[in-house]
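Colleague: Residues per chain, in single letters:
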Amino acid sequence: MTAPIKNIRILSSLALALVIGQVFTTPAQTRSRKRPAPPTAQPTSQQNPSFDNAAKLAEEARTAGRLDEAIASYTEALRVRPKWPDGWWYLGAIFYEKDQYSQARDAFKNLVALEPKRGPAWGMLGLCLFQTREYEPAVISLQRGRSLGFDGNQELESVVRYHAALLYIRFAQFEIGYEILREFLRVSNFGPKIAEAFGLVLLRMPYLPNEAPADKREEILLAGQAGISMAARRLDQARTAFDSLLERYPNDPNVHYSYGVFQLAQDADIALKEFQRVLELDPQHQPAMVQMAFEYLKRDQYNDALPLAERAVQLEPKMYPARNVLGRVLLELGQVDRAVKELEEGVRLAPSSPEMHFALARAYARAGRKQDADRERQIFRTLQDKGKQEDDAARTGSAPITNTQKPNPE
Amino acid sequence: MTPRFKRSALILCVATLCALVVVVVIYGPEIVNGQASTRPKWNPHRVPAGTEFIGDQACGECHKKASLPYPATGMSLAMEAVPNSKVLTQNPHLTLKLGSYSYEIKREGNQSFYSVTDGKNTIKVPINYALGQGRMGQTYVLERNGNLYESRVSFYNEIKGLDYTLGSPQVVPASLEEAFGRLLENAEVVKCFACHANGAVVGQKLQLEKIDHGVRCESCHGPGMPHIVAVKEGEPGYKSVFNPGRLSGDDQSQQFCAKCHRGGDEFSLLQSMGLNNVRFQPYRIFLSKCYSDDRNIRCTACHNPHEPLQEDTAYYDSRCLACHALKGQSVAQGSSPACPVATKDCVSCHMPKIELKAAHFTFTDHYIRIVKPGEKYPN
Chain A
234 MTAPIKNIRI
244 LSSLALALVI
254 GQVFTTPAQT
264 RSRKRPAPPT
274 AQPTSQQNPS
284 FDNAAKLAEE
294 ARTAGRLDEA
304 IASYTEALRV
314 RPKWPDGWWY
324 LGAIFYEKDQ
334 YSQARDAFKN
344 LVALEPKRGP
354 AWGMLGLCLF
364 QTREYEPAVI
374 SLQRGRSLGF
384 DGNQELESVV
394 RYHAALLYIR
404 FAQFEIGYEI
414 LREFLRVSNF
424 GPKIAEAFGL
434 VLLRMPYLPN
444 EAPADKREEI
454 LLAGQAGISM
464 AARRLDQART
474 AFDSLLERYP
484 NDPNVHYSYG
494 VFQLAQDADI
504 ALKEFQRVLE
514 LDPQHQPAMV
524 QMAFEYLKRD
534 QYNDALPLAE
544 RAVQLEPKMY
554 PARNVLGRVL
564 LELGQVDRAV
574 KELEEGVRLA
584 PSSPEMHFAL
594 ARAYARAGRK
604 QDADRERQIF
614 RTLQDKGKQE
624 DDAARTGSAP
634 ITNTQKPNPE
Chain Y
43 MTPRFKRSAL
53 ILCVATLCAL
63 VVVVVIYGPE
73 IVNGQASTRP
83 KWNPHRVPAG
93 TEFIGDQACG
103 ECHKKASLPY
113 PATGMSLAME
123 AVPNSKVLTQ
133 NPHLTLKLGS
143 YSYEIKREGN
153 QSFYSVTDGK
163 NTIKVPINYA
173 LGQGRMGQTY
183 VLERNGNLYE
193 SRVSFYNEIK
203 GLDYTLGSPQ
213 VVPASLEEAF
223 GRLLENAEVV
233 KCFACHANGA
243 VVGQKLQLEK
253 IDHGVRCESC
263 HGPGMPHIVA
273 VKEGEPGYKS
283 VFNPGRLSGD
293 DQSQQFCAKC
303 HRGGDEFSLL
313 QSMGLNNVRF
323 QPYRIFLSKC
333 YSDDRNIRCT
343 ACHNPHEPLQ
353 EDTAYYDSRC
363 LACHALKGQS
373 VAQGSSPACP
383 VATKDCVSCH
393 MPKIELKAAH
403 FTFTDHYIRI
413 VKPGEKYPN
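If you read the protein sequences in the order shown, they are chains A and Y.
Going by the numbering used here, the first residue of the first sequence is number 234, and it counts up by one from there.
Going by the numbering used here, the first residue of the second sequence is number 43, and it counts up by one from there.
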């Protein structure tokens with residue numbers, strides 16, 4: 234195992250130890266406050282002696298640290314009473330502690346089936362899926378845990394956030410990864426792992442830290458410093474970091490791209506020059522084309538935006554931001570029918586994206602299609618209801634951010 | 043049919059067609075059937091490099107009807123020059139204590155100074171830019187070490203005093219630097235001055251020495267000199283100046299006015315603001331069921347930008363009734379249904395007042411709707 238993945242596991246284990254530590258001592262703190270007390274806490278006349286005995290043995294073994302024995306007893310108790318949420322929680326946590334991630338994953342799956350609103354369980358399930366390399370369901374579980382919350386367990390929240398960011402980076406959804414990593418900036422002290430993840434984002438490297446080429450490590454860490462300063466709005470520090478990065482890696486298109494993104498909020502003319510440089514180094518760099526097209530759209534330079542937007546769509550037809558900018562540019566150029574087609578395709582690719590529905594509503598209005606415009610505006614309104622979005626995410630297990638940003642696999 | 047009658051009919055047809063063309067060109071929409079017009083376009087956020095402005099006075103020489111009431115409007119007062127600032131002269135000494143930080147805004151002659159101290163160290167700077175007319179409040183853009191900052195505290199008219207600037211964290215600052223204000227990125231500075239003043243941002247570069255405080259004629263209509271020259275040369279004036287009044291409903295609301303008043307294009311940011319987004323009317327009205335590209339629902343259908351805001355709710359009834367039938371009347375073709383409970387003061391029910399405690403102000407929610415009792419603020 235390489236050092237970075239060990240570190241991830243150490244970080245995970247550290248948080249897990251805290252999770253389990255809390256669970257071992259104060260189980261109720263990690264649960265939803267609305268959830269009824271676990272069956273073991275309220276003996277009733279319906280008690281099953283064999284279940285009670287197994288549960289008691291399991292708890293004794295767990296608190297004494299006899300984990301194998303605890304696993305056997307929890308398994309027995311759950312055989313008798315499979316709808317025992319705390320049993321699945323403890324069993325999953327113990328398996329995770331023993332690096333038996335498949336078994337841990339199955340236990341947490343049972344738990345979330347019983348208690349779908351239990352955020353920490355979704356978080357732990359996501360971490361298990363990460364370890365078993367089932368990355369797509371992992372990110373869904375992690376994001377669902379994040380949307381439900383972790384009942385104040387900041388350690389678990391932090392580990393889940395980190396892993397969610399890593400997975401988005403691995404899926405090449407760097408903008409989402411960046412936004413998640415920015416949440417770490419609320420904490421004053423964070424380790425080099427966060428800088429490393431920021432570096433992967435800035436260099437647009439779709440890898441987990443352990444998968445990144447070894448000869449890129451120095452560049453990743455330097456880019457990470459620039460990324461942290463940029464995210465924290467420490468503008469002078471960010472400029473200095475970018476200067477170093479550009480000096481040492483002048484031919485890396487993604488260094489220029491990141492610097493261009495940074496400059497969009499400072500001096501858009503410099504940003505455009507940087508994106509132009511990106512295209513000189515890598516004529517297929519689609520994100521640079523999209524950024525330039527959006528900037529030209531802002532400037533009302535529609536004829537400059539058009540070829541870039543068209544090329545961006547040609548290169549990545551399933552990326553909805555390219556469809557968005559192309560549709561909007563066409564609309565401004567008076568090519569309403571083409572604009573509508575592009576924006577409709579964008580909506581098909583990203584049905585949960587409010588900005589796509591907003592743009593399409595305006596295009597329909599321009600085309601005189603009032604009913605269609607009304608419908609799109611209604612969808613936009615619905616999507617804007619944040620609470621509803623979160624409820625949907627909790628109900629379906631799919632974080633809205635995933636739906637909106639991921640290219641349609643079709 | 044006699045040849046004479048035929049000739050007369052032909053002349054009449056041609057004349058009618060010509061008149062129609064003139065009417066469409068002059069009064070028609072900026073975009074006709076999706077085709078971009080060749081008339082000048084103007085984006086107040088993208089003033090081209092080298093643009094020169096001539097000032098309101100030159101415009102007022104001909105356009106008296108629009109220019110006479112304009113100085114009293116909120117847009118005209120969107121920024122005050124500090125030496126003449128009504129807010130700062132009428133409130134010469136303002137103070138606030140936030141945790142261990144003490145704020146003071148003090149008038150000294152024609153200048154006002156903003157200071158914050160933690161008891162040991164003090165940051166004190168002159169106020170150079172006062173944004174806002176004081177109807178709701180006023181926020182300050184401060185210059186320090188070559189950077190521009192948004193003041194952490196602002197003046198609010200309702201309390202005649204200072205409080206947290208709207209949008210800043212409502213917590214005691216962690217350091218004196220943080221207590222002073224928020225460092226503004228260049229893009230934010232450009233936005234501030236592009237909306238609150240004229241001539242301060244040209245070619246996306248700040249030229250604060252040329253600032254003309256508040257929203258001026260040329261902020262919305264573009265540079266006036268080509269228009270004056272054209273008119274003096276006998277050319278039609280409409281060709282040489284931008285008139286946002288000719289934009290389609292949606293273009294005006296979401297593209298033009300929204301440049302400053304903010305529209306659905308910034309949905310993500312605005313949504314995250316929650317109740318605070320009630321201040322952004324283009325965004326709110328876009329959510330309305332009755333919103334469309336129709337000119338009857340655009341900003342200028344209800345508001346005359348050259349005159350002060352009408353506070354009387356009855357004033358707006360005719361705007362609603364331009365589309366909605368009156369109670370008891372049948373719905374004419376193309377009309378929207380009548381309100382079943384009232385015939386007047388439409389906005390008092392359908393555009394509720396929302397109190398924004400952090401702003402010490404009550405805003406009219408432009409999300410036109412049937413408000414249900416106890417409903418959660420629709421975001």
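Keep in mind the hints are simulated off the structure, nothing from the lab.
Small disclaimer: the values here were computed from a predicted structure and weren't measured.
A hint or two may mislead.
Calculated Cβ distances over 10 Å to all of chain Y for the following chain A residues [claimed, not checked]:
#1 SER335
#2 PRO349
#3 GLU388
#4 ASP448
#5 GLN499
#6 ARG532
#7 ASP533
Pairs of lysine-lysine, BS3-like flavour, derived with a Cα cap of 30 Å [claimed, not checked]:
#8 A:LYS531 with Y:LYS418
#9 A:LYS531 with Y:LYS247
#10 A:LYS603 with Y:LYS247
#11 Y:LYS399 with Y:LYS369
Backbone N, C-alpha and C fix where the C-beta goes; we use that ideal spot for every residue, glycine too.
Colleague: For which of the previously enumerated hints does the structure constitute a violation, in increasing order of number?
Modeller: 5, 6, 7, 8, 10, 11
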